[in-house]
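Student: Okay, here's what each chain looks like letter by letter:
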Amino acid sequence: MKKILLSFLLAVPILGYSQSYQVNLQGQKQTAMGGAGTGVALDEAAVFFNPGAVSFLKKNGVQAGGSAIFLKAAFRENGSNITEYTKEKLTVDPSVYAVFGNPNNRLRFGLGVYVPFGGAVHWDPNWTGKYTVTSLDLQAIYVQPTLSYKITDHIGIGAGFVYTNGKVDLKRGVPLTLNDGTSGTAQLKGHSNDFGWNAGIYVETVSGVTIGVTHRSQVTAQVKDGDAIFRVPQALQDGFPTKFNASLPLPATSSIGLGFYPSSKTIIAVDANWVHWSKYKVLAFDYNNNSRIPNTSSPRNYHDGGALRVGIQNMATERLALRLGAAYAFTPVGKGYVTPEVPDANRILLSAGLGYKASERFSIDLSFLYENVKSRNETNIETNLSGDFKTVAYIPGIALSYKW
Amino acid sequence: MNSKFIFKSILAVAVVTAASCKPELKTITPSKGSADFTRYIAVGNSLTSGFADGGLYLEGQQNAFPLMIGTQMQTVGGGTFSMPFFNANQADGSGYKKLSSFTATGDPVITDVPAQAVIGSANVPGFGTVPLFTKYAGDLNNYGVPGIRLNNITLTYYGNLNPYFERLLPNTSPANTTSYLSFVNAKPFTFFSMWLGNNDVLGYATGGAAVAADFPTDKALFTQLYNLAASTMIKGGAGGTGAKGVVATIPDVLSTPYFTTVTLKALLTAVQASAPTVQAIFIQPGTGAPRPATAEDYFLLPLKAANVIGKPNAAGLPYGLHPGNPVESKYVLDKAEAAVVADYTNSYNATIKSVAAANGLALVDANALLKVYGAGKVVNGAAVSAAYITGNLFSLDGIHLTPFGYAIVANEFIKSINSQYGSSIPTVDVTKYRGVKFP
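Chains as they are written, first to last, in the numbering used here: chain A, 4 to 407; chain B, 1430 to 1868.
Read the hints as simulated data drawn from the structure, not as lab findings.
Check before you lean on any hint, since a few could be wrong.
What the hints assert, rightly or not - Pairs of lysine-lysine residues, derived as PhoX-like cross-links and limited to a Cα-Cα distance of at most 25 Å, are as follows:
1. B:K1451 x A:K174
2. A:K338 x B:K1455
3. A:K284 x A:K227
As the list claims (entries may be wrong) - Computed list of chain A residues with no C-beta within reach of chain B, every gap over 12 Å:
4. I144
5. D156
6. V273
Source: prediction; values computed, not measured.
Even glycine gets a Cβ: it sits at the ideal position worked out from N, Cα and C.
Could you put together the complete structure from these sequences and hints?
Tutor: Rendered as structure tokens:
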């Protein structure tokens, strides 16, 4: 069984966004509950979901988990009868959290390592949209040391400093024909190191309802002296750049969440997220040699996006938790701006999961998330690539945690 | 219940589901609409044959736009589309132009690939010597004949004069007696494309209006012949029961790189690099005395390759820089001649449009199409324009298209057919086709 599972995991490729290139898979419990978690103090992943709730966790613990993203996008050019699919490529989105400090004290500490932005889209190198993009690999790893403080027995605040390590690898075709009849290619590869923050408030109201409000800052990932690798006709090679600079906003997210506790065994979490995508105006590349090609500035003009999420957790037994969730995410990508690197649209998310407490200290959580991105017929205003996009994603995940 | 079993089952189901499901797009079923594509034939000139880079060769034939259309028609009941290919060991066909390198100053160096398919020549009485290509005798759907004018299609001796037509005919020059119009109608067909008329004005323009025999076909004769051609074609050929079809207007050649690459400004700039005092390029117009060129006169692409500007003649006068040694008429289409080209092009296109409407034929406004793309447009992320070599649209001869350009044309034909006959022939993926090959 394990071998079969493993072979599936390795064979099936994917890429995952939950909204444009934002990925919302930062905790297995929360993922199983539609991604809601701002208004509840569920586990160590509160370091990400609400630093203010960390001081309300009853135990210290460490957890490590990951989700495997099986994403497949389809495109059919208007007028054509051929549907092209992204290639199968497995991406894993990991997250690790630790919470420590004396649970009886007001001040607690947390550490989170997670990947809130990323994606991997791999089209066939000779597909219809090759001159727009053939592949994009993007990953921004956030490392967040966190302090959480209980101001009163019912109000907690927390904040974390975020260090971001990003990497991007973008490939596309260049519409110049080489001597062998194939077209040229360009690859842009680079790294970034940037900083941001994450803060939140968590309140237990007298009615028993819990409320969380958080804000994660924008991080502007700046790639300096990235490698621009142009494979173009020999006669033109000298005119092409070898280095590039670019910046990509990893937008701020504001969230408000509520927790309801209809019984001692049941938690209902409701979240609303507001993602400040409107900062993403252009995707610009500045090159070190412009004799053949100018710097590029592709309009993106995103507007803010949001998501509504609801999840429920029920303790079926002392040891077994069952979770379900649903969410609806509104795309930040306006008409005319959809690109095959991020074929985004409004999407429905359905999730389920299990938590099993193997012992007092050790537990395992599983989640499964299904994302259905609405089909969209689009003509990009910059590239004129015109056709139907449709994406679905299947995202199983697992986390192990140890408490003390 | 064993919870480990539950976990494993759920995970297994999840993984299997994930591995098996692809996103679905609404199914499309191509349909032929009210047309019948059982036997599609393409009638026309060099553009129809796949001519490119100044020649007809196998790769160009393989990227002929009617072949693209015929292949796409097969999804809606179309039959095999046979091309008169040069065989593989004569793939260079009539020979063609190739981009070999760039000079230090960035000018393209273009060389000639020699012909492989010429097997001899024939002497045609009263006309002269014409080359002979290896015959093609197989099935034929693409009847494109480079060089043919509309006013050639009824000439019974034309097969002796045009080697591209001669190679499709059973007899050898000078024994051919079948007119082009009779030849294409000798077998039944159900659908046709007809893109004729370009050469009725092209030779005049590309020759700088220097040869009297190249004068554009009389407008009334053009109308008469176009009506004859259309009314003949819609009968569906000998034994046919009628055919539907698509016709196309002729592009305005003045917006092709053949006429737009060598400009007055570019010539002056080049000359002034070594002779800053030069202020004018003198030309020999079609009528009248030599005069300084203006921005409304067109210099032709071959002037660049000829590399004659500034060369002194026997009297020591520099070529093009002195009224006593002007740029020859064959390298210039002056303002008055350009007006003739525009006038005849417009007249022919008015005829083509009205004949198409009168016969219920689909129409491709190739003139408008190539103007739009020539002015600069982005196609699936690729910049396309009429810029010589780098524009992706025109091949090295500056007049005929690249495979990428022919694919754009094929899609325009398909869209026009679909719109006229309610069919849904799928378009081709233009990005699968190349622009000019660079060294």
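Student: I'd like to know which numbered hints this structure contradicts. Please list them from smallest to largest.
Tutor: Checked against the structure, no hint fails, so every one of them is satisfied.
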